[in-house]
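S.K.: Sequences are here, hints too, so could you generate the full structure?
What the sequence shown shows, in this note's numbering, is residues 1 to 365, in sequence order.
Calculated from the structure, these hints are not laboratory results.
Take these hints with a grain of salt, some might be off.
Unchecked claim - Cut-off 20 Å, straight-line C-alpha distance, at most; resulting in silico cross-link-like pairs (EDC-like, lysine to aspartate or glutamate):
#1 K7 x D89
#2 K115 x D99
#3 K231 x E257
#4 K123 x D89
#5 K249 x E295
#6 K347 x E150
#7 K159 x D334
#8 K70 x E84
#9 K102 x D57
#10 K357 x D99
#11 K18 x D41
#12 K66 x D145
#13 K69 x D99
#14 K159 x E351
#15 K210 x D290
#16 K292 x D211
#17 K340 x E257
#18 K210 x E175
#19 K13 x D116
#20 K356 x E84
#21 K102 x E84
#22 K342 x D215
#23 K357 x E135
#24 K347 x D215
#25 K124 x E135
#26 K291 x D248
#27 K13 x D85
#28 K291 x D246
#29 K347 x E152
#30 K292 x E175
#31 K291 x D145
#32 K66 x D99
#33 K340 x E351
#34 K69 x E84
#35 K356 x D99
#36 K340 x E152
#37 K357 x D89
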Amino acid sequence: MNSVQLKDLCSVKSSTLKAGDVKNMNPGQYPVYGASGLIADIDSFQHENPALAIVKDGAGFGRVYKTPKKSSVVGTMQFILPNEDVDRDYLYYVLNHIDFNKYRSGATIPHIYFKDYSSVQIKKHSLSEQRIIAEKLDGVTGLIDKSYAELEEFDQLVKSRFNELFINKNQNDKESLLKDVASLMSGITKGRRIKGPTITVPYMAVSNVKDGYLDLSTIKTIEASEQEVEKYRLLPNDVLMTEGGDPDKLGRGCVIETPLHNCIHQNHIFRVRLNNRLLTPTYFQFYLQDKKAREYFLRSAKQTTGIASLNMTQLRNLPVIIPPIGQQLVFEEDVQVINKSKLAIQKSIDELETLKKKLMQEYFG
Numbered sequence: 001m002n003s004v005q006l007k008d009l010c011s012v013k014s015s016t017l018k019a020g021d022v023k024n025m026n027p028g029q030y031p032v033y034g035a036s037g038l039i040a041d042i043d044s045f046q047h048e049n050p051a052l053a054i055v056k057d058g059a060g061f062g063r064v065y066k067t068p069k070k071s072s073v074v075g076t077m078q079f080i081l082p083n084e085d086v087d088r089d090y091l092y093y094v095l096n097h098i099d100f101n102k103y104r105s106g107a108t109i110p111h112i113y114f115k116d117y118s119s120v121q122i123k124k125h126s127l128s129e130q131r132i133i134a135e136k137l138d139g140v141t142g143l144i145d146k147s148y149a150e151l152e153e154f155d156q157l158v159k160s161r162f163n164e165l166f167i168n169k170n171q172n173d174k175e176s177l178l179k180d181v182a183s184l185m186s187g188i189t190k191g192r193r194i195k196g197p198t199i200t201v202p203y204m205a206v207s208n209v210k211d212g213y214l215d216l217s218t219i220k221t222i223e224a225s226e227q228e229v230e231k232y233r234l235l236p237n238d239v240l241m242t243e244g245g246d247p248d249k250l251g252r253g254c255v256i257e258t259p260l261h262n263c264i265h266q267n268h269i270f271r272v273r274l275n276n277r278l279l280t281p282t283y284f285q286f287y288l289q290d291k292k293a294r295e296y297f298l299r300s301a302k303q304t305t306g307i308a309s310l311n312m313t314q315l316r317n318l319p320v321i322i323p324p325i326g327q328q329l330v331f332e333e334d335v336q337v338i339n340k341s342k343l344a345i346q347k348s349i350d351e352l353e354t355l356k357k358k359l360m361q362e363y364f365g
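M.R.: What follows is the structure in structure tokens.
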């Protein structure tokens with residue numbers, strides 16, 4: 001099959017609009033888009049027809065949006081305008097198929113330039129073929145989106161169950177400081193001096209610890225002495241918490257149910273090992289997301305511009321409500337049942353994502 005270059009399918013249109021200026025513009029009915037999506041509606045627009053927009057500067061580079069008619073974008077983005085014989089939805093998938101990391105420049109702030117990736121080779125298709133391809137990919141994408149929506153519903157179900165069981169239900173529940181119901185430890189420091197022989201072991205970094213779940217897509221290793229491994233080794237059902245980050249992510253934590261062999265944690269993470277006669281890891285993980293814990297973290301943390309951090313003393317003094325252990329175990333069983341359903345949905349998503357990538361490779365090369 002013949003191929004064409006991306007620049008044979010579309011052109012670009014730049015913007016000088018600054019995101020900070022949008023809030024001072026007159027409100028209206030025309031949308032303005034930034035790197036994270038819709039910013040505002042104003043009384044003017046840059047482009048008349050439906051098009052695409054791509055993030056060209058910053059951490060979200062390569063992200064593509066479909067823009068409606070009479071819309072605008074900020075200067076860190078640019079419009080991608082399909083030619084008359086090119087279907088917009090088809091072009092959307094073409095752009096999503098491109099690995100923009102190959103064309104990135106800039107050491108601190110990444111950039112991509114159309115002149116660099118415009119020569120990407122794409123299999124040639126007629127307009128009617130493009131529409132068929134877009135329709136097929138829309139079908140798979142729709143199933144993926146539906147599955148993600150189901151996952152979100154299950155997440156909300158767990159939160160509702162937590163509120164039902166624990167929030168404002170047991171006014172006489174015991175309250176203790178975390179230091180009285182758990183042992184806490186910071187982790188290993190990178191770049192320290194090590195005396196004697198070492199072994200290579202996996203370790204949990206800040207990037208692994210999310211709010212309510214563990215991200216194991218990337219696992220780093222570190223050299224450590226046997227004494228350090230013994231000191232920092234993670235055990236099943238330890239809770240990991242981050243010491244800092246964005247204020248809305250402060251105190252995020254998750255349970256590590258089955259650590260890798262000899263897995264340890266870095267010094268920007270706190271390890272919380274609960275007294276299992278008083279607290280279950282599942283309850284505590286969701287308690288960290290509750291209003292009472294969040295307010296304590298925000299009130300206690302040291303905050304600088306856009307960054308907040310907790311120290312060990314502040315974390316040790318976190319007030320923890322301790323419901324009856326039987327009630328916590330009921331919640332844990334509910335979460336396990338829901339997680340089984342989520343696991344099945346995630347498996348379906350993975351299969352659909354694989355199918356989508358296979359189809360895009362077949363269609364675009």
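S.K.: Keeping to a limit of 20 Å between CA atoms, is the pair of K18 and D41 held or broken?
M.R.: Satisfied, since the Cα-Cα distance of roughly 14 Å is no more than 20 Å.
S.K.: What's the verdict on K340 and E152, does the C-alpha distance respect the 20 Å limit or exceed it?
M.R.: Holds: K340 and E152 sit about 14 Å apart, inside 20 Å.
S.K.: Hint check: K347 vs E150, CA-CA at most 20 Å. Holds or violated?
M.R.: holds, 13 Å
S.K.: Are the Cα positions of K292 and E175 separated by 20 Å at most?
M.R.: Roughly 12 Å between the alpha carbons, so the hint for K292 and E175 holds.
S.K.: Holds or violated: K102 and E84, Cα atoms, limit 20 Å.
M.R.: Measuring from Cα to Cα gives roughly 28 Å; hence the hint is violated.
S.K.: Take a quick look at whether K210 and D290 sit within 20 Å of each other, Cα to Cα.
M.R.: Holds: K210 and D290 sit about 15 Å apart, inside 20 Å.
S.K.: Going straight from one Cα to the other, do K102 and D57 come out at no more than 20 Å?
M.R.: holds, 15 Å
S.K.: Taken at face value, is the distance from the CA of D89 to the CA of K7 at most 20 Å?
M.R.: holds, 16 Å
S.K.: Does the alpha-carbon distance linking K291 and D248 stay inside the 20 Å limit?
M.R.: Within the cut-off at roughly 12 Å; holds.
S.K.: Are K291 and D145 close enough, with their CA atoms no more than 20 Å apart?
M.R.: violated, 29 Å
S.K.: What's the verdict on K159 and D334, does the C-alpha distance respect the 20 Å limit or exceed it?
M.R.: holds, 11 Å
S.K.: Between the alpha carbons of K357 and E135, is the straight-line distance 20 Å or under?
M.R.: holds, 15 Å
Hints 13, 14, 18, 20, 21 and 31 from the earlier list are contradicted by this structure; the remaining hints agree with it.
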